[in-house]
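Engineer: Here's the letter readout for the chains.
Protein chains: 2
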Amino acid sequence: MSRVVGIDPGTARLGYGVLDEGRGGQVSVVAFGVISTEPGDVGLRLHQVFLGLEALLAETKPDRAAVEQLFFGQNTTTALAVSQARGVALLALARAGVPVCEVTPSQVKQAVAGWGRADKRQVQLMVARLLNLDRVPEPDDAADALAVAWSALGADGRRR
Amino acid sequence: MSRVVGIDPGTARLGYGVLDEGRGGQVSVVAFGVISTEPGDVGLRLHQVFLGLEALLAETKPDRAAVEQLFFGQNTTTALAVSQARGVALLALARAGVPVCEVTPSQVKQAVAGWGRADKRQVQLMVARLLNLDRVPEPDDAADALAVAWSALGADGRRR
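Just so you know, the protein sequences line up as chains A and B, in that order. Just so it is clear: in the first sequence, position 9 is 9 by the numbering used here, and no numbers are missing. Just so it is clear: in the second sequence, position 160 is 1160 by the numbering used here, and no numbers are missing.
Don't take every hint at face value.
To be verified - Which chain B residues stay away from chain A? Per the calculated CB distances, all over 10 Å, these:
| # | residue |
| --- | --- |
| 1 | Ser1002 |
| 2 | Ala1012 |
| 3 | Arg1013 |
| 4 | Gly1022 |
| 5 | Val1029 |
| 6 | Leu1057 |
| 7 | Pro1105 |
| 8 | Gln1110 |
| 9 | Gly1114 |
| 10 | Ala1128 |
| 11 | Asp1134 |
| 12 | Asp1140 |
What the hints assert, rightly or not - Simulated restraints, written as ranges between beta carbons of each label pair:
| # | chain 1 | residue 1 | chain 2 | residue 2 | range |
| --- | --- | --- | --- | --- | --- |
| 13 | A | Asp134 | B | Ala1031 | 54 to 60 Å |
| 14 | A | Asp41 | B | Thr1078 | 23 to 29 Å |
| 15 | B | Gly1025 | A | Asp140 | 48 to 54 Å |
| 16 | A | Thr76 | B | Arg1117 | 17 to 23 Å |
| 17 | A | Gln122 | B | Asp1041 | 31 to 37 Å |
| 18 | B | Arg1117 | A | Val30 | 49 to 55 Å |
| 19 | A | Lys61 | B | Ser1106 | 45 to 51 Å |
Said to hold, decoys possible - Computed footprint of chain A on chain B; a stretch qualifies when at least three of its residues, placed anywhere within it, have a C-beta under 8 Å from a C-beta of chain A:
| # | stretch |
| --- | --- |
| 20 | 1039 to 1050 |
| 21 | 1086 to 1100 |
Calculated from the structure, these hints are not laboratory results. Even glycine gets a Cβ: it sits at the ideal position worked out from N, Cα and C.
Use the sequences and the hints to build the structure in full.
Structural biologist: What follows is the structure in structure tokens.
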């Protein structure tokens, strides 16, 4: 069995999703949610993200992690802020000895929705369906993190 | 007396410069240099940056820190990588309880060279002169970090 944590980084909210994959390929949901931080000093927010992620990794002990690569959309200021949180997430993973696989947004869409240009909502609906959840996981950051985790399944040999 | 550390973030090299400012406004150099990391996994590099910065802060015990704000130049991939290291630096500062002042590149140029559009080399030459150093500090990242520290002097009331 192999456990993967998917991470959707952010300073206000970092989404996470933890999945187990059995030898036969069956997938089960271990946990998902967000680490939220209070508005204020960015250093303190990053510290909250770091502590929350440290606790999650200690509790769930994933074998590996998947983190989406960042690209530039319209909002470059947001991209820089997300990148800061991403650095803190990569640090927490390195300190916990969890190897990281970086996935692109189109790899995530392809893996989950079967189409590299699927829209955000399609991806979220497909995540719920693939994981046999009654409804789309909330908030969005948690659903996105589950999609990222899903896209990294089978990376140890078998491809979906 | 007040001690400020200036930081020029990066994954391969993080520059730092530590300055003391006396009550009369006299400034002395405490330390400057770079924290260098080995090529390889970005998480491990960020961890080296984090550990190096933790050690520097424990040793020099600055009262506050100055970190340059990032803007987008030509190379957006570099900006994202620098931003990751910047997040790790802000985390280390928050954990050490060091308040951070963010300065813009033009504030740094203005403070050091007297002109917000001075070029990189002018800024470095002026840093050496202002700090009574025989030559421009090397590598560039260390000189840049000293310039950032200089720009934050007097921020506790007196303005240069």
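Engineer: If a hint holds in the structure, say so; if it does not, say that too.
Structural biologist: Cross-check of the supplied hints:
| no. | hint | verdict |
| --- | --- | --- |
| 1 | Ser1002 | holds, 19 Å |
| 2 | Ala1012 | holds, 14 Å |
| 3 | Arg1013 | holds, 15 Å |
| 4 | Gly1022 | holds, 27 Å |
| 5 | Val1029 | holds, 25 Å |
| 6 | Leu1057 | holds, 12 Å |
| 7 | Pro1105 | holds, 14 Å |
| 8 | Gln1110 | holds, 22 Å |
| 9 | Gly1114 | holds, 28 Å |
| 10 | Ala1128 | holds, 30 Å |
| 11 | Asp1134 | holds, 35 Å |
| 12 | Asp1140 | holds, 22 Å |
| 13 | Asp134(A) to Ala1031(B): 54 to 60 Å | holds, 58 Å |
| 14 | Asp41(A) to Thr1078(B): 23 to 29 Å | holds, 26 Å |
| 15 | Gly1025(B) to Asp140(A): 48 to 54 Å | holds, 51 Å |
| 16 | Thr76(A) to Arg1117(B): 17 to 23 Å | holds, 21 Å |
| 17 | Gln122(A) to Asp1041(B): 31 to 37 Å | holds, 33 Å |
| 18 | Arg1117(B) to Val30(A): 49 to 55 Å | holds, 54 Å |
| 19 | Lys61(A) to Ser1106(B): 45 to 51 Å | holds, 47 Å |
| 20 | 1039 to 1050 | holds (count 7) |
| 21 | 1086 to 1100 | holds (count 9) |
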